[in-house]
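Participant: Starting from two chains that each stand alone, build the complex the way the hints lay out.
These protein sequence lines map, in sequence, to chains A and B.
Each residue of the first sequence is one higher than the last, beginning at 4 in my numbering.
Each residue of the second sequence is one higher than the last, beginning at 319 in my numbering.
It is possible that some hints are incorrect.
[As the list claims (entries may be wrong)] Cβ-to-Cβ under 8 Å is the rule here; a few derived chain B residues that face chain A:
#, residue
1, Ala332
2, Thr470
3, Ala555
Everything labelled a hint here was simulated from the structure, so no lab data went into it.
The beta-carbon is built from N, C-alpha and C at its ideal position, and this holds for glycine as well.
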Amino acid sequence: MIGVTAGQSPHASPEAGAPESAPLLALCAITKRFPGVVANDRVSLDVRAGEVHALLGENGAGKTTLVNVLYGLYQPDAGEIVVDGRRVRIRSPRDAIACGIGMVPQHFLLVRRHTVAENVALGLPQEGFLRPARRVERRIVELGTRYGLAADPRARIWELSPSEHQRVEILKALVRGARILVLDEPTSVLAPQEVGGLFEVLRRMKGDGHAVIFITHKLDEVEAIADRVTVLRRGRVVATMPAAGVSRRTLVQMMVGRDVQFVLPRAPAAPTGEALTAEALEADNDRGAPALRGLDLAVRRGEIVGLAGIAGNGQRELVEVLTGLRRATRGRVRVLGREVTNRTAAAICDAGVAHIPEDRVHMGVVATMTVAENLVLRRYRHPPFSRGPLLDYAAVTRFAREMIAAYEIATPAATTPVRALSGGNIQRLILARELAARPGVIVAAHPTYGLDVSATEHIHRLLLRRREEGAGVLLVSEDLDEILALADRVAVIFRGRIAAVLSVGEATRERVGLLMTGQAA
Amino acid sequence: MRRLGPLVLEPDPAPPPARVLGVSLLALAGAVAAAGVVFAAYGADPLYAYAVIVRGTFAGLREISEVVRRTIPLLLCGVGLALAFRAQFWNIGAEGQLLAGAVGATAVALFVPLPGPWVLVAMFAAGFATGALWGLLPTLLRLRLSVNEVLTTLMMNYIALYAVAWLIHGPWKGATQFGFAYTDTFPEAARLPLLAGTRVHWPTLAVGLALAAALAFLLARTRLGFEVRVLGQNPVAGRYAGIDPARTLLAVMVLSAGAAGLAGVGEVAGVHHKLLDPGQVSLGYGYAAIVVAWLARGSPLAAVLTATLLGAIFTSGDVLKVALQMPFRVTDVFNGLILFFLIGSERLLAVRIRWAPPAATVRVGSGLPGTPEAGGES
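Chain B on its own, in the form it takes in the complex (with noise of 0.2 Å):
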């Protein structure tokens, strides 16, 4: 127990819902104030930069529905790496799912004859495939040699990234692209439709939804969610209650890693309508999602929450692009910025505050001279 003036600091290992929400805000407001910082170092009077960013993006339906494009890879990642990170696994390799995904999508609208209708539910499957098969190395990995996952996920990334330069430069280059490193465009049938007057691809956002709440309902009604709460929470209690660790795990990361295959499929097929340089089918969507599930603190529904919000940050950075000329990238830092508070609070989730002045709690100095003492005679 310590003492900060009036305020009394408790340990409390079991923080209720209501002081992760509060910590959790006041994360995101040392984020946006040190953001600030950011915006004026870059000569950018802050509370303008702020007020231009919640007109830009807030401001009618058009700009909501940016903020909605760019919320649906979000929420596909987030969702999948919430599951994840509650069977304790460290999944940081959604951006590598996420684009080997779109490789698979992009490989059936290419490449497989199929009737109308099928090639997008063709397409959704193999991306989800892709990603999947995307995730599973480092799960072996991990699961037969202890690999530690954070390093072998991270890594994938990059393997995913140049494997899909390398074939946009090289056998994928379209011939009807002028020698630009793009794929062909897809067929008509190979793309998601909008939603009227706005470029959200409804049918991803649709299926997003649906695994949140399939995946809210998994942890909490199935016997798989059961598992993934005892594995992740306690997995020497795990191995006592007979789960078995490596097919729980594989099917964990089947599925987190499948979402963010899904969230690739949705960039390709209703945003490019081509495989594309990976730094612009993915903006990065696979690392913030991991701020995502982290502010949603694995729950797939607050996800959808956290999702939007990253999703407004990315929409954010075009807004300060156009009007402040500031670089996309700044993006980055917010969300950096919103990871880094968010792991520092973290702490302050154990601590109970309490006020409590001095003259109510003289008993916390005894031992110290002339303050009285239990039972003391001499």
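Just chain A, with the same shape it has in the complex (with noise of 0.2 Å):
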């Protein structure tokens, strides 16, 4: 369906004279399968030196899979690793880190109790026993220099923000001697005025020859900082092209292999009566600073609100808030005339406000336990499924038997333990149980985040037709594309406060971008 573009055969053997520069790192063919998905198969792609190179493509296309072969935490299936020009056998980040190979992970890892310095100084080899970071600290501040990574070698790393944390690991890959940089999604973590802190530092790098790998899903990223790009669906490669001049339609239809379906049929919203409604709403953070600063909200019944945002701009802290997850230290939350603010989990939940979960398998399902007990999770103790102290498994069983049929859940049994299944039929399963009862309200916190092009289908289908049939939906996602799609008017959150409430028809998504990111519009 896409034309053969730029860059098919990126493993073109490395020692023939390339045209422009050698590529320092090239991955041929590279297979890697786990029980049940091939994670990657035969995906080739080649680096250079002094470019930022951009892996696109949406959660679960085998980005991570792909740099973590290339660090050695995965031995591939098949193909081979080109490291200028010698082939080589990476087994673990050892072998890695000879090779110039540096990774960022997603999640960090340092201990919190060093300082920034013991931390990079963490296993070198050459470090003397005593007082290991003394000869790193001065390294440390001549690359901060170099590449504008400023960090107190002498701080705490518990002392540091998460874009600091960042810089610590971008450091230590430095100090290693990594010419090739490996980031995983390094945006997530940073406030939108901190990308471009981190985007000089990649030119920086760029600019002396290192070879950097940037993993995302957000386009406007590869716009702002590839030079080339490689676009990964359902782990194999769609297409490696230069990053200038490339459309955002093209990119997204090679990411998701087809047009998106912008619009799904539905009918304009008929807004009954208060479904939701938040006022003035104050909550803290884990950290105990102000998350929600004074907030309002109201979503009626018979629409979707859509929460559009920058993750961390106090979408969880609302969504916990509303569930009775987490407590609200000024305000109020009224669910279908009712008041509801900090009350429990379960009170809330009996008043009728369905919770999607953002983080589905740590939250939303108990991996261990069976389907069935996994459907009642939030109802068990109701009726028919509690009588008096007891369970009765035999209505539990019964209900999960519907619930399996209408939501097409693709499990062996009731009693199968939810862990064999998929993340979409998990995710299938939350929406039955969540959705069987027709709840008034339903808070759905990213529900298509990481799932293919049908699941998401799927879920949004059944989320319209609860909205037809009288629920307000507060729909929290950051992909802008979903709420367009799916909202009837979309409310704009920043800093922990609502920046505007838009209409379906003024929300375009050069105004919500702006919203986005403060800039009133």
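Facilitator: As structure tokens, then:
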């Protein structure tokens, strides 16, 4: 469907005189299988010195698997890796480091009580037994000035912000002599104003002859920083091409494999009464800093309100306050006309609020328990599942069978443990549980994150159907396309407040995007 | 995936029951072998020692009844711990809770005048209550201040131990005991009946078996059991499901520590008929019960079997003492070894071992020069 583009055969022998610069790194036909899935299917990719190479793909496209192979965390089932024209076998991160490959993982691996210099020195072979970090301190300052990675080598990790942690990880790689730096979704931990700083660092490194592999699923980042981009879909390379001049629409098509259905067919919203109201809500985040600062929001019955915003602007805290998992320090929450501020999660659930949690595996289900038990996880205490102190397992199983059929949950049996299910089926299970009781309010946090296109569409249709049946839906998503496709109104959250609420007609991508960055539009 | 000769080791986080059983038996075998080394070091031929143990432990009704007598406190403590472990509450305090139960029962036996048949009922009730009370403080500290329960339950054992020692040396020292550090002997109504010809105080055994069945039912079929399993396996999901962790944990610990308290009642009312030195009230049953619960993998019914096994080990201590002049505390070594091997074998549970000679799996080594590559054209 998509035409052959440049860079189709990056594993053409590395010795041959390349037209431009010879690739610093080439991955040739890497295949990695896990039970039941081919995470990487003959993936080939080359990276040149002095370039930022973006690896673009949806969640689950195989990007992280690929870099884990590159960093020696996984062994490929087939394929080879060529560094500087030499075939190498990377069995461990130590081998990768010896090849000049450095990795900045999504979740940082730092010792919180140690200083920056101690963390950088950790595991370096040539450091002394006493005060191992001494020599490294100088190096950190040196590299810091060269690349704009200012970090106090004596600061302790716990004192630093996530963006500073990222800098320490980059420094760790550079001190180890990395010429090829792999960054796995580096902007996911950054505030929007910090992204520019990271890009500046990458540009300087590029100017110094380093190669950067930049994993992302955000199109604007590809435009902003990448020289070339390789798109992965379902474990395969769709194409590699220069980033300049590629339209977003082309990239999206490559990522999802077909035109995104921007608008699902639906009737115009006919909102009736009040479903969910938050007034002047204030709450703290896990570190005790204010996360919600006087937030007002109303969702009516029969409409979907999309909550757009860059991660970390209070979405998570808002969802938790609305569902009884976090205390509001001030303000009020009403559900279907009843005051539920700071009631327990059970009480709010019983008041008619469904919650599709952001972290479906760790919060949404108990992986070791059965499909049937998980389907009643939030309703077990009510009839017909509960009779006095006893659980009626016959009723539970009956209900589970109905749900498995109605929501097309692919499972061998109702008694299968949930951990045997795929991500999409776990989400269907959660939706079945949350939506079966016809709740008046649905709070859905990133309901399609990491799911394939068909599962996504299935979930979108379910949410639209509940809206037509009169439920008020609050849809929290980082995916603007999802919000624009589903929402009747778009509320933009910025630093713990609603910056604006736009009707579906007013909510253009540009306008919402500006509001998300805190600029009035 | 790793290979070991012709074997391939693969990660498999969901062990089937057969593997759990196999690994547990393997760990037991390892402990038995290691204990054999200890016997040899003590100057006894291990094979002879084991022969003596088997003969001395299972030879006849008398021997078997001794095993049962040792099994009773292990079972009561073990099922309680199994329940607590299922909630991921690491109660290491069964020993102290047992002693607390013994104190509660003694108080009723010595100081509460009750009509005949009610004395024993009241002793069991009091023992359950004092045991539960002893478990409550660590639970509250954990719930209110997030204090690690492993440390607090463990330290509560020592408080119980010295409290009992103080009682028998001080205020409860028996007037009729010629200056020995015992309480007075319990009146007849406060002594448990024995199975004829044995020293098995059968009411406590019946309570233990009933409790094992009841807790198994609780876990499998009740709301509280569902809540315990959810909280134990995923506390975050438990919060999301609206389960009140404080209420659930309090219920679990009342049952768990109360069960250990019942074990203490059985020891003073069924065996000693007085409160005496804490080291004699309990031979470390509360600690050995950790092995019982662990070996049973948190299943109260399996704890009936594992308690019997540990009961046999305690009895073998008597046999070794008499036949081979070993100290009774060799049983502690044995129990320690079992727990050591069990915990050490835990990782084996998550590994599937498959027979696959190298010839059949050439592709595993690909990436090495000379091996075939998928799609390689160079």
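Participant: Each hint: holds or not?
Facilitator: Cross-check of the supplied hints:
no. : hint   : verdict
1   : Ala332 : holds, 7 Å
2   : Thr470 : violated, 25 Å
3   : Ala555 : holds, 5 Å
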